[in-house]
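Asks: Take a look at the letters that make up each chain.
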Amino acid sequence: MKDSRLDPDRNSKAERAREARHIAGDYLRAADSLLNEEAYQDEASPSIELFRRDPSRAQATEDAIMGRVRALGRPDRPPAHWSRGPARVATILAAAALVAVASSLLTVWAIERSSTVSVRFVLEAPGARSVTLAADFTDWSPEGYDLKQNRETGQWEIIVSLRKGRAYSYNFIVDGERWVVDPSAPVFLDDGLGGKVSSISL
Amino acid sequence: MRTADDCSHGKTTGLALLFLLVGMSSAIAQGPGSSGGSPAGGDMDRLGPSEQRPGLAGEGTLRPSPGDPTVRYGPGWLAKAIKEFDRWLYASVEGRALSAVREGVLAVAVNALRAGVPPDAFKLRLREAVAKKVPPETILKAIEYDASYWIRVSEMIGTDDWPPGDKSPGFYIAAGNALRNGLGELAVRDVIAWARGSRGAPERAEAALTTVASIAIALRADDAQAAVMVRGLAGSRLRVGEFGNVAELAGRAFAAGISASGFSAKLASVLNAGGSLRELERQLFP
Numbered sequence: 001m002k003d004s005r006l007d008p009d010r011n012s013k014a015e016r017a018r019e020a021r022h023i024a025g026d027y028l029r030a031a032d033s034l035l036n037e038e039a040y041q042d043e044a045s046p047s048i049e050l051f052r053r054d055p056s057r058a059q060a061t062e063d064a065i066m067g068r069v070r071a072l073g074r075p076d077r078p079p080a081h082w083s084r085g086p087a088r089v090a091t092i093l094a095a096a097a098l099v100a101v102a103s104s105l106l107t108v109w110a111i112e113r114s115s116t117v118s119v120r121f122v123l124e125a126p127g128a129r130s131v132t133l134a135a136d137f138t139d140w141s142p143e144g145y146d147l148k149q150n151r152e153t154g155q156w157e158i159i160v161s162l163r164k165g166r167a168y169s170y171n172f173i174v175d176g177e178r179w180v181v182d183p184s185a186p187v188f189l190d191d192g193l194g195g196k197v198s199s200i201s202l
Numbered sequence: 001m002r003t004a005d006d007c008s009h010g011k012t013t014g015l016a017l018l019f020l021l022v023g024m025s026s027a028i029a030q031g032p033g034s035s036g037g038s039p040a041g042g043d044m045d046r047l048g049p050s051e052q053r054p055g056l057a058g059e060g061t062l063r064p065s066p067g068d069p070t071v072r073y074g075p076g077w078l079a080k081a082i083k084e085f086d087r088w089l090y091a092s093v094e095g096r097a098l099s100a101v102r103e104g105v106l107a108v109a110v111n112a113l114r115a116g117v118p119p120d121a122f123k124l125r126l127r128e129a130v131a132k133k134v135p136p137e138t139i140l141k142a143i144e145y146d147a148s149y150w151i152r153v154s155e156m157i158g159t160d161d162w163p164p165g166d167k168s169p170g171f172y173i174a175a176g177n178a179l180r181n182g183l184g185e186l187a188v189r190d191v192i193a194w195a196r197g198s199r200g201a202p203e204r205a206e207a208a209l210t211t212v213a214s215i216a217i218a219l220r221a222d223d224a225q226a227a228v229m230v231r232g233l234a235g236s237r238l239r240v241g242e243f244g245n246v247a248e249l250a251g252r253a254f255a256a257g258i259s260a261s262g263f264s265a266k267l268a269s270v271l272n273a274g275g276s277l278r279e280l281e282r283q284l285f286p
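Listed in order, the protein sequences are those of chains A and B. FYI, in our numbering the residues of the first sequence are 1 to 202. FYI, in our numbering the residues of the second sequence are 1 to 286.
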C-alpha cells in the first residue's frame, strides 16, 4: 500500500527522501519490537537476538551507503546526438544488411539442402577385406569413400550426399583391386575399358 | 622416371608434334588447291591473337573445322583448348601414367577438339581409365573409339549453344557411352532436339540416354524403338530419380515376355500424355 507521505505531488525531492528515511526507520523499529516480543515468548531461540537491530545504527548505515552512492555522481551517458543523425542511420543500415545477408544464406542453404539427397550405397561382399566406392562424382578416386561393414547384416555400406536431377556412374572396388558393378543397380553399361559400370539416377 | 629437363624436352616435342598434326589435318580438310577460306568463315582474321603464333610448326594453320568450335565457343577457343589439354596431359597424374601413349592420346584429342569436343570429356575419361588401371595401349584404343563417338555427337549438336560449356563434357560422355552400348544415333539426335526445343537440362538428357541405353540392351530394342523411349523419358513428367524405376520395369517386362516394341509403345503412350510411373506399370502389367 502506498504511504501518503511519499506523494510526489505534495513534497519536494529532498522532503520525499527524508520522509522515505523516516518511513524506513519506522518499519525497522516496528520489526525490531515484533522480534523482541517473539523472542520473549520463545526463550529457546537465542539466535533471533543476533538479528535485533538498533534503529539509529541502521539509519547511520543507510546514510553512509547513500552518501557513497551520491559521491559516485551521475552515470556517463553518450552524447544526445549519438542517438540521431548519420551514425544512427548507419547502425540501422548495417543491421538491415546483416538481416538480409543472414536470410540469403538461409535461403541458399535451404535450396542447397532440397537439391541434394543422401544415397546409401550397399554391397554384399562376404569375405572382402575392404570395399571402396569410385565414381564420376569422386573423379574416379576411391580416396575417402571407404565402405563400412554393417555388423548386423554383414553388408558394406556408405552414405553419400549427391545432387538430384542427374545420373551418376560408379563402381565398387573390392580389396583395392577388383572393380565390380552394383548388382542392385537397375542400370549398368559396358565402360569401354573391358569392364562394366553401374548408373544411378537421382 | 623422367627428370624436369626430360619433361620440358618432351613437352616441346609434344607441342611441335601437336601443331604439326593440326597443320596436316587442316591441310587435308582444306583439300588440294584450297585458297584457305572455310565455308564457316574460319579465316585467319577470325582467329584470336593466341592462334596466330609466328615461328611455330604449322604456322597459321589452326583453323577450325567447318562450322565447329570457333562458331560455337568463339574465336581463340581451339588454340586455348589444345594448349590447356596439352599442359594437363604433361602435368597430371593421369598424363604421367600414360607417358607411353601420350603423343597418341594428344593426336586423338587434337583431332576431336578441332571438331568441337570439349577437352574435359577426355580428362574425365582418362581419369576413369587410369583409376581402373587399364593398360595404356588399351586406353589409347578406348579413347580413339570414344573420340569417334564424341565427334559424331559434336556434329549432331552443330553450332548450337546447347549444352552450355560447363555441362557439355558430361553430355558428351553420356552420349558416347550410349552409342558405344549400341544406342542408335537417332536417339541421340532426338534427345538433342528435345533439349533444344524445351531448353532441357543436359543432366536430364544424359540420364535419359544412359537409362534407355541400358533398357535397349535388355530388350534388344532397335534404333527407332530406343529413340521413342528416349524422347518419352526425357520429355516426361517423371523426375530423373524415377528413371531407374523405368529401367526396372523394363527388366520386369522382359521377364514377362513383353517385346521391345510393346514396351516402347506403352512407355510413349503413357509418358507422352503426362502419365506417372504407376500408370506405366498398370499399362504394362494390368
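Just so you know, not all the hints are guaranteed correct.
Unchecked claim - Using 25 angstroms as the maximum straight-line C-alpha spacing, the simulated SDA-like pairs for lysine to any residue come out as follows:
#1 148(A) to 159(B)
#2 196(A) to 159(B)
#3 133(B) to 122(A)
#4 132(B) to 159(B)
#5 133(B) to 127(A)
#6 13(A) to 159(B)
These are calculated hints, taken from the structure and not from any lab test. From a predicted model like this one, the values you see are computed outputs, not experimental measurements.
Asks: If a hint holds in the structure, say so; if it does not, say that too.
Replies: For each hint, the structure was consulted:
Restraint check for residue 148(A) and residue 159(B): the C-alpha separation of about 48 angstroms exceeds 25 angstroms, so the hint is violated. Of the pairs offered as hints, the one joining residue 196(A) and residue 159(B) is violated, with about 33 angstroms between alpha carbons and a cut-off of 25 angstroms exceeded. With a C-alpha separation of about 24 angstroms, the suggested pairing of residue 133(B) with residue 122(A) holds against the 25 angstroms cut-off. Note on residue 132(B) and residue 159(B): the hinted pairing is violated, with a Cα-Cα distance of about 35 angstroms set against a maximum of 25 angstroms.
Taking the CA atoms of residue 133(B) and residue 127(A), the gap is near 23 angstroms; set against the 25 angstroms cutoff, the hint holds. Simply put, residue 13(A) and residue 159(B) have alpha-carbon atoms about 91 angstroms apart, too far for the 25 angstroms limit, and the pair is violated.
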